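4 protein chains.
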Amino acid sequence: VSLGRKRWAIADGYVPAAGPLAGDDRLRSHEAASILNTNDCDAHLVLTVYFHDREPAGPYRITVPARRTHHIRFDELREPEPIPRETEYACVLQSDVPVLVQQTRLDSRLGAIALLSTIAFPAD
Amino acid sequence: VSLGRKRWAIADGYVPAAGPLAGDDRLRSHEAASILNTNDCDAHLVLTVYFHDREPAGPYRITVPARRTHHIRFDELREPEPIPRETEYACVLQSDVPVLVQQTRLDSRLGAIALLSTIAFPAD
Amino acid sequence: VSLGRKRWAIADGYVPAAGPLAGDDRLRSHEAASILNTNDCDAHLVLTVYFHDREPAGPYRITVPARRTHHIRFDELREPEPIPRETEYACVLQSDVPVLVQQTRLDSRLGAIALLSTIAFPAD
Amino acid sequence: VSLGRKRWAIADGYVPAAGPLAGDDRLRSHEAASILNTNDCDAHLVLTVYFHDREPAGPYRITVPARRTHHIRFDELREPEPIPRETEYACVLQSDVPVLVQQTRLDSRLGAIALLSTIAFPAD
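Protein chains in written order, with our numbering: chain A, 1 to 124; chain B, 1 to 124; chain C, 1 to 124; chain D, 1 to 124.
What the hints contain is simulated information worked out from the structure, not anything from laboratory work.
All the pointers check out, no bait thrown in.
Computed list of chain A residues with no C-beta within reach of chain C, every gap over 10 Å:
(1) LYS6
(2) ALA22
(3) ARG26
(4) VAL49
(5) HIS52
Interface residues of chain A toward chain D, partial, derived using beta-carbon atoms under 7 Å:
(6) PRO56
(7) LEU116
(8) THR118
Pairs of lysine to aspartate or glutamate residues, derived as EDC-like cross-links and limited to a Cα-Cα distance of at most 16 Å, are as follows:
(9) LYS6/B / ASP96/B
(10) LYS6/B / ASP42/B
(11) LYS6/C / ASP96/C
(12) LYS6/A / ASP42/A
(13) LYS6/A / ASP124/A
(14) LYS6/C / ASP124/D
(15) LYS6/D / ASP124/D
(16) LYS6/A / ASP124/B
(17) LYS6/B / ASP124/C
(18) LYS6/D / ASP124/A
(19) LYS6/D / ASP96/D
(20) LYS6/A / ASP96/A
Just so you know, these numbers come straight off a predicted model, no measurement behind them.
Ideal placement from N, C-alpha and C gives every residue a C-beta, glycine not left out.
Okay, chain A solo, but in the shape it has when bound (with noise of 0.2 Å):
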C-alpha cells in the first residue's frame, strides 16, 4: 500500500551544540528526517541542504527499504559533506516514491532534554 508523497521539505534544520551528554548517540543532541515507506519496494531519496549563506549541499543519497522505516540524522551525513552543527539550514526531499516525512530534533545542550517535531510540508 503505498501512502505519501513525493517531494518534501523542511525549513527550520539545526542541529545544536552536542552538549555534556555528547557521548550517549541517544542523548546527545541531534536532527532527524524520519521517513516511512509502506511501498513494497525501496524508496530512493536525494536530499538537498540549504543554507543561510552558501549555495545548497548535496545530493545526499538515501535508501530506505520496501516496508521499512529510517530515522535519518542529519548530523550523522558525511557524503558529499558534513551538515555543520550550529548552522541554519533546511532541506528539501526528493523520493522515487512517496514516502512520509517528520522532522524531529533533540536538543541537550543545557543537559536536559528539549524536543520539537512536525510532520514535513508536501510540496508536490
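With the hints as your guide, set chains B, C and D onto chain A.
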C-alpha cells in the same frame, strides 16, 4: 458530524526509556496516538507498525466509541506483540470511518519532561 | 483579507496538573487554542469538547474581534462547565468566518517548562 | 525548482521573557519564522503581526535570497516597530514567490530549554 480522514500515518515513532519517573503512569516516558471520533457510530481502527530492520507488526485493533476521544499509548499495546522501547518505528492507522489522529511523545528519561506533538499525516 | 477555515479540530487535549509554579499565570501548566481572525468582522466560535468516557461538553462560545488574535486557555473556560485537569479531551472549533487555529501546551508539572504545539487540523 | 506557497500564517506567537540565559543569542528565549526559498530568484516577504488588543503592526519587509534559508527572529525585528516580549501575537507572511515557512520557539525563561515547532499554515 463526521470529521477527519480514514487513513493516517506518523513517521517518527519512538518510546524512550522509562526513566526515573517510571512509577507514575502519567510521567513515565510514553508515546500516544490520540484519536478523535466525532461520528455517531464507533470507529474501528487497525494499526500497522513499521520498523527499521524487520517486517511490520500488526494488526493492532482499537475501537473508539461514538463521540469519544481515545489516547492510545504505544507502550501499552500488547496484541499481537508489544512495541519495544528505544526502538525506531512508524505507524499507519486505518479507520472504517473518518477520525482525527495526533501524535504526542513525553520523554522523561532524565527526570524532567520534554514534549513533542504533531497532527498526523492524512494519507487518504 | 480572509484567511483559514471555518472548522478545526485537535485530538490530544490535556491540561497537566498545575504544578509548583501554579501561582504564576504564565508558567502554570496550561493548554491554549490560539485563534487568528484576519477578517474585518468579528469571528464567533463554538467549541465542543470530547472526552474518553462521557458525552461531549459545550457549546463554549468565544468571540475573536476583527483583525485580532485570541489565545484561549482551556483551563480558564468556565461556561457551560470547566474542563478538568489531568483528563484526556479533544476539541472541535466551528467558526462563522474563516480563522486559523493552533494548539499549544505548557507543561510545568515538575517545575521546568515543556512545550508542544501544532497547527490544528482544518476539518472543512 | 519552486516549492511552497505565497501566503502563510501562524496563530500562536509569543516571545517569552529573555530569562537567565539572555546573554547568549542562541539560548535567550526567542521565536523564529524559518523561511526556505528554493527559487532561483529572491523572495520578498511582507509580514503583518496581529495582537490581542490593538490594530496589526507592519509591514515588516524581509528578503530571502535565491536558494537560501533565513531564520527570522521575531525578537530582532525593529522596523516599523519591535514586537514586545510576553505578548500574544499572530503573524501572516505574504511572499511574491512560493516559499516554505516553519515556526519555532525556544523558551528558556527558567534557565532550561523548551522547544516547539510546526510547519505554518499554507493560506493560499
